[in-house]
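Participant: Residues per chain, in single letters:
2 protein chains.
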Amino acid sequence: MDLKTLIIILATIFVAVLSFVFAYWLYRWVKKQPSENKKIAHIGTLIKKGANAFLKKEYLSLLKFAGVAAVLIFVFLPKPVWIEGEKILNHVVMTVSFIAGTVFSALAGKIGIMVATIANQKTAEAAQKGISKSFLSGFRGGAVMGMAVVGSSLFGVAIVTLVIGKLTGDFSALIGFSFGASGWALFAKAGGGIFTKTADISADLVGKVELGIPEDDPRNPAVIADNVGDNVGDVAGMGADLFDSNVASIAAALVMAAFLGDKVNSSAYIEMVFVYVALGLLSSMLGVMFSRMGKDENPTRALNIGTYLTTGLFAVLTGVATFLLEFEWRIWGAAIVGLLVGVIIGLTTDYFTNDAHKPVQLVSKASKSGPAFTILSGVSYGFLSVLPAMVGIAISALAAFMLTKSLGTSTGLEVEFGMFGVSMAAVGMLSIVGMIVSNDAYGPIVDNARGLAEMGGLGEEVIEATDKLDSAGNTVKAVTKGFSIGAAGLTVIALLFAFVIEVNSAAGETVIKNFDIMDPVVFFGMIVGAAVPAVFSALLMLGVDKNAQRMVEEIHRQFDEIPGLKEGKEGVEPEYDKCITIATTGALRELVPAGLFAIILTVIVGFIGGVKAIGGFLAGNIVSGLLISLFMSNSGGLWDNAKKFIEAGNCGGKGSEAHRAGVVGDTVGDPFKDTAGPSINTQITVVSLVATLLAEIFLLISLF
Amino acid sequence: MDLKTLIIILATIFVAVLSFVFAYWLYRWVKKQPSENKKIAHIGTLIKKGANAFLKKEYLSLLKFAGVAAVLIFVFLPKPVWIEGEKILNHVVMTVSFIAGTVFSALAGKIGIMVATIANQKTAEAAQKGISKSFLSGFRGGAVMGMAVVGSSLFGVAIVTLVIGKLTGDFSALIGFSFGASGWALFAKAGGGIFTKTADISADLVGKVELGIPEDDPRNPAVIADNVGDNVGDVAGMGADLFDSNVASIAAALVMAAFLGDKVNSSAYIEMVFVYVALGLLSSMLGVMFSRMGKDENPTRALNIGTYLTTGLFAVLTGVATFLLEFEWRIWGAAIVGLLVGVIIGLTTDYFTNDAHKPVQLVSKASKSGPAFTILSGVSYGFLSVLPAMVGIAISALAAFMLTKSLGTSTGLEVEFGMFGVSMAAVGMLSIVGMIVSNDAYGPIVDNARGLAEMGGLGEEVIEATDKLDSAGNTVKAVTKGFSIGAAGLTVIALLFAFVIEVNSAAGETVIKNFDIMDPVVFFGMIVGAAVPAVFSALLMLGVDKNAQRMVEEIHRQFDEIPGLKEGKEGVEPEYDKCITIATTGALRELVPAGLFAIILTVIVGFIGGVKAIGGFLAGNIVSGLLISLFMSNSGGLWDNAKKFIEAGNCGGKGSEAHRAGVVGDTVGDPFKDTAGPSINTQITVVSLVATLLAEIFLLISLF
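Chains as they are written, first to last, in my numbering: chain V, 578 to 1281; chain L, 578 to 1281.
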C-alpha cells in the first residue's frame, strides 16, 4: 500500500473519529436539556428498561447464531480449511472481520437505544417551550445515531482494509465484515420489527378500536410495549439495517476497486471510495449542524433542508476532491447519478405517500365506501408506485455503467469498470446516509415524545406540537426509505459482480463469463430466488399476526382482572411488563424462521445448481425484492397518512365510516412498512453476501 | 411437407372437427333439458341480453384496435415492407394469421356466452329434480365451451401450419396467429374482468352490507349486471384467455420444432406436437363424457375424477403414440414432467384455498379480530403460496431441459433440444386444457343458476343444491388456475427462446448468444419488465374501483327514487339496464390503458435497449408476473372460501364480527382473483409475442 493511499485511509479514520466526537457532543447537548416532570421520568424509565431488556435478550440469542457462524466461517472461508496451500491467517482475518461486523452492527443499535430513550423525554418536555426547541431535541437525538452508524461503518471498513493491506491482500475479508453486519441486522431488524408491530397493533386494536380510549392512554397495558417497540424496531433495527446497507455498498465498491487496482496497477480506485465516503460523512455532519427550524415552524422543511444541503455539499466536495486528487471524472459522474436518482426516487415516493397529493387523498375518499376499498385502492397505488423507483434504479445502473465503461477500453476491462461505476452509484446514493439515519431515528423519538406528553398529562397544546413533529417524521421517512431501497438495489448488482470476481479468482480461470437467462440452471435459480422475498415477508407478517393475537388476549385479561383499571382509578397501573415479555418472547421466536429460510434456501440452490443457479437466484431475488419492498413500504406509508388525513377532518373526519376504514388500512400497512418491507433490503443483501462467501464451495460441490 | 406429416396434421384437424361435433351434441343436450318457470325465463333473457349487448360493444371497440394492429402488421412484419427482397406473400400470410387469431379468440368467447346463458337456466330448474341432474346441465354447458376453445385452437394452428408449409415456410406466422389470439384475449379478459367485479362488488356492497338483503335479491338494481358479469368475465374472458395460452404454447413448440426439423432434417418434432395436442383433446373429450356425479352426490369429486381421468388418458395415449410412431421417449418424458408438475401445483393451490386445510381456517379465525387481520393473514398466506408453484415451475423447466438436451449432443444442438423439451412441458401441462375450460366455465354457470333459483323463488332446498355446486366450482377453479399460470410460465420461457431464434435467423448470424444478467442493458430491461405486471394489475384494480363507485351511486339513486323498490312491492322492478350500461361503459373505458401500457412499454424498452434489453424485460416480466398472479389468484381464492367457511357457521357464523371481516376480505379478493390475477397470464404472453414479432425491428433501430 503506498503512502498516499495510507494517508487517505487514515484521514477517513480521522473523519470517522470526528463523527464520534460530534455524536458525543450531540449526546451531551441532548442530555443537558431540562427534564423535570416526575411522571414522564417514571414512564421514560419504564420504556428504557423495557427496551434494554429486549435488546439484551435479543443480543444474547443472536450471539449463539453468530458464534456458530463464526466457527463455520473459520472452517470454510475463504476456502475450506483442508484445501491444500490455504493459509490459516486468511481464516483468522476473515473470522475476525465477521465478528467485528456483528459487533459494530450490535453497537449501532445499542447506542441508538441509549440516546433515543433519553431524547424522547427531553423532546416531550421541550415541547412545552415551543415546537422549535422540541424539534431540536428530537432531531439531535436522532443525529447521535446517524453519526454513530456512519462513523462506525467507515471506521470498521477502514480498519479491515488496513489489516488486509498489511496481512493478506485478500479483499474478500471485507465481504466477511459486511456479512457480519448484515447477518446481525437481518435478525435485529426482523426481531425489532415484529416486536414493534405486535405492540402497536395490539394497543390500537383493544385501546382505540374496542374501548375507544385515546392513543398512548396509560391505562392501556400495551402502551409501554408500544413505546419500547418504537425504540427497538424503528431505532435499533433501522440503525443496524442502514449500517449494513452502508457497509455493503462500500465493501462492494472496495472489492471491485481492489480488483481493478490489481489489473491496472493503481490504487486510485480504492482511494476514491474512501475519499467519497469520508466526504459524505462530513457533508452529513454539516447538514446536521444546520438542520433547525426556521420561523415558519415547519419541521418537514427543516428536515428536507438538511437533506438537500447534505446532497449539495457532497456533490461539491467530491467534485473538488476529484479535481485536486486527479480522480476520474467519469466515476464522479457515476456517484452523482446515484445521488440524483436517489433524490428522484425520494420525490416519487413522496408523491405516493404525502397527503398533499392525489393518491393519499383518493384512498381517503375511497375509504368512505368501507375498508375493502381502502385496501384495494391502497394496494393499487402501492403497485403503481414501484414503477418510477424501479425505472430510476434501472436507468441509474445503466447510466453509471455507460459512463464508466470507457475507462476500461484500453485495457479490455470495460465491463469491470462499468460495474465499478454501478457500485459507485450505490455509494453516491448512500453518501448522505448519515443524514438519512438522523431523520429516520428522529421519527420514533418524537413518536415516543408524543406518547410521553399524553401519558405525562402535558396538555393538548403540547400533544399537538409533538403530533406535528411526528407527522413530519412520517413524511420524511417515506423519502429516506426510497433512498435505502434504491441503494440496496444498486449495491446488490455490484455484489453480484463481486460474486463473479470471487468465483473466477477462486477457480484461477474464467469459470463464469455470464449468467445467461436462457440457461435453464440460471433460470431455475431466478424463479426460486424471486419467491424468497415473498415468503420471507409472509413469515414476518405471520409472526406479527400470531404474536399480536397473544398480546390482545393478555390485554383483555388485564382489563378483566385488574379492578379499577378500565375506569382509570387513581394509583391503579396495568402490568406493563407482561405485555413487554409477550412481545419479546414472541419476536425472538418468530424472527428465526424467516432469516434462516432465506439463508438456507440460498445454500440449497447453490448445492443444486452451483454458481450459475446462484447468479440467477440473486437476480430473481433482487428483482422481486425491490418490487415487494417498494410496494409494501409505499402502500404502508400511504395508508398511515390516509388515516391521518381523515383524522385531520377530511372525508368525514374522526369517528366516521371513512375513519374506521382508514384505521383498518393503517393496521394492515403497519407490518407492511415497518416489519416486512424494510427487512427485505437486508434479506437481499444477506443472501448476496452468503452467495459471494460460499462461491468457492459451490464451485467444488454442486449437482449440476 | 411429407405425407406422414400431412396425414398427422389432417388427423389433428379431424379431431378438432370431432370436438366441434361433440360440443354441438352437448349443446343440443343442454338445450333439450326442460325449462318451464316463467320468471326464470324472464330473468334469464335479461341476463342473455345484457351479456350479448356488452359483448357486441366490446367487440366493436376491440375491432378498431385489431384493425390498426392488422395494418401495422402488414406494413412491418415479418420485416418492414421496404426492406429489400421481402416477399409480399409473407406479409399477407402474417396478417391473415393475425386476423384469424383474433376471430377465433372472439368466437370462443361468443360461443361460451351463448351456451352459458342457456345452461344457467337449465341448471337452476334441474336442481328441483336433484343435484346430479343439475350438475350435469352445468358441467355439460361448460364443456361446450371447453371443446369449442380447444377444438378451435387446434383447428387454427393446424390450418396456419398447412398454409405456411404450402406457401412461405416462415413459421413466424404462427406467432402472428398467437398474437391475434392473445391480443384479443388481453382486452377481452381485462374488460370482462372489470365488468364482472364492478357489478359483483357494488351489488354486495349496497345489497348485503348496507341493506342486509340476500345475495341475488331481485330488488337489487345491480343483480342482473352481476349475473351478466359472471358470463362476460368468467365465461367469455376466461375462454379467450385459455384459448390464447393454449395457442401460445402450441405455437412456441411448433416454432422450435420447425427450427430443429430444419437443422436435423426431420419432421418428427412437428408431428409430435400435433399428435400430442390432438391426443390431449381426445382425452379431454373422454374425460368430459365420464364426468358425472356418483351416489355420494359430491360435485367436487365428480369434477376431479374427470380431471384425473383426462390426465391419465393423456399419459397413456401419448405413450402408445410415442411407441407406435417411434418418437423420442425423452420428449415424451418432458411432456409428462409438465403434466405432473401441473398436478402438483394444482394440489398445493388447493391446500392454500380449500377450507379443509389450515390457511383458510386460520384466516377465518384471524377475522375474529377484525378485517385488518383478515387482510394481513390472507396476504401472508398468499405470499407463502407462491413458493411451491414457483419451485414447481423452476424444477419442471430444469428437468424437461435436462431430459431432452442430450438429443442434440451429436448435432451440437443441446440447448435447442433442451428448450424444445421445455416447450413440450408446457404443452403437456396444457394438454388437459379442454377439461380445465369445462371446469372453469361450469363455475359461473352454476353461480348464475344459484342467482336464478333465488330470483325465481325456487325455494331453500334448490338454492342449497346450487350453492353446493357453486362451492365445488370455486375449489376446482383454484386448482385449474394453478395449471394455467404454470403453463404460462413454461410457455413464456419457450417464447423467450423462440425470440432468440427469430432474432438470429433474422440477422442471418448469431447476434444473441445469451442474455447476460450482468450486462447492464439486460439488467435494465429486467428491472423495468418486473414492474410491468404490478402496474398492469394496479390499473385494472383502479378501473374496478372507479367503476364500482359510479355504480354504487346509481344503486343508491334507484333505491331513493323508485318508490316501493326497497320494500319489494309487487310489480316494482329496478332499472337493471342502467347498471349494465355503467358496467359496460366503464369496463370499455378502463381496459384500454392497462393493455396499451404493457404493449407500449415493451416497444419503448426495445427501442432504448434493443433485443438485449428485451430479453431482460421478458425475464423480469415472467418472474414478477408469476409471483404477482399466483399471489393474487391464491389470496383471492383463499378469502372467498374463508368467507364461505365463516358463513357455514364457523368462527361465529353469519352476522358475526368475523363474518363482516370475511366479507371485506372477499371484496378485496374479488378483483385480485377475477380481474388482475388471471389477466397477468395474458399480459405476459402478449408482451412476449410483441417482442418476438418486433425482434427484427429492434435489431434495426435501438439506442444501445
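Treat each hint with caution, since some may be false.
Since the list gives no way to pick one copy over another, a pair counts as held whenever it fits inside one copy or between any two copies.
[Unchecked claim] Capping the alpha-carbon separation at 25 Å, the derived lysine-lysine pairs in DSS-like fashion look like this:
(1) K785 - K710
(2) K945 - K785
(3) K945 - K1231
(4) K581 - K1221
(5) K608 - K710
(6) K1123 - K945
(7) K615 - K1155
(8) K1231 - K616
(9) K982 - K840
(10) K1155 - K945
(11) K785 - K942
(12) K982 - K1090
(13) K1090 - K608
The hints are simulated quantities; they were obtained by calculation from the structure and are not laboratory data.
Participant: Now tell me if each hint is right for this structure.
Facilitator: To see whether the hints hold, each was checked on the structure:
Proximity of K785 to K710 under the C-alpha cut-off of 25 Å is found in neither arrangement, the shortest distances being 30 Å within a copy and 53 Å between copies. In the homo-oligomer, the alpha carbons of K945 and K785 lie at most 25 Å apart both inside one protomer (19 Å) and across protomers (17 Å), since each shortest distance falls under that limit. When the C-alpha separation of K945 and K1231 is checked against a cutoff of 25 Å, the pair qualifies both within a copy, at 12 Å, and between copies, at 24 Å. In this assembly of identical chains, the alpha carbons of K581 and K1221 never lie at most 25 Å apart, being 54 Å within a copy and 72 Å across copies at closest.
In this assembly of identical chains, K608 and K710 lie within 25 Å of each other by CA distance solely inside one copy; the values are 14 Å within and 81 Å between copies. In this assembly of identical chains, the alpha carbons of K1123 and K945 lie at most 25 Å apart only when taken from different copies (13 Å versus 30 Å within one copy). Within a single copy, K615 and K1155 get their C-alpha atoms as close as 23 Å, which meets the 25 Å cut-off; across copies the closest is 66 Å, which misses it. Taking CA atoms no more than 25 Å apart as the test, K1231 paired with K616 passes in neither setting, with 29 Å inside one copy and 47 Å between copies.
In the homo-oligomer, the alpha carbons of K982 and K840 lie at most 25 Å apart inside one protomer (15 Å), although the nearest pairing across protomers, at 39 Å, exceeds that limit. Taking CA atoms no more than 25 Å apart as the test, K1155 paired with K945 passes between copies only; the shortest distance there is 23 Å, against 38 Å inside one copy. Taking the shortest Cα distances, K785 and K942 sit within 25 Å of each other both inside one copy (22 Å) and across copies (21 Å). For the identical chains of this complex, K982 and K1090 are neighbours both inside a copy (17 Å) and across copies (21 Å), given an alpha-carbon limit of 25 Å.
Proximity of K1090 to K608 under the C-alpha cut-off of 25 Å is found in neither arrangement, the shortest distances being 56 Å within a copy and 64 Å between copies.
The structure shown violates the earlier hints numbered 1, 4, 8, 13.
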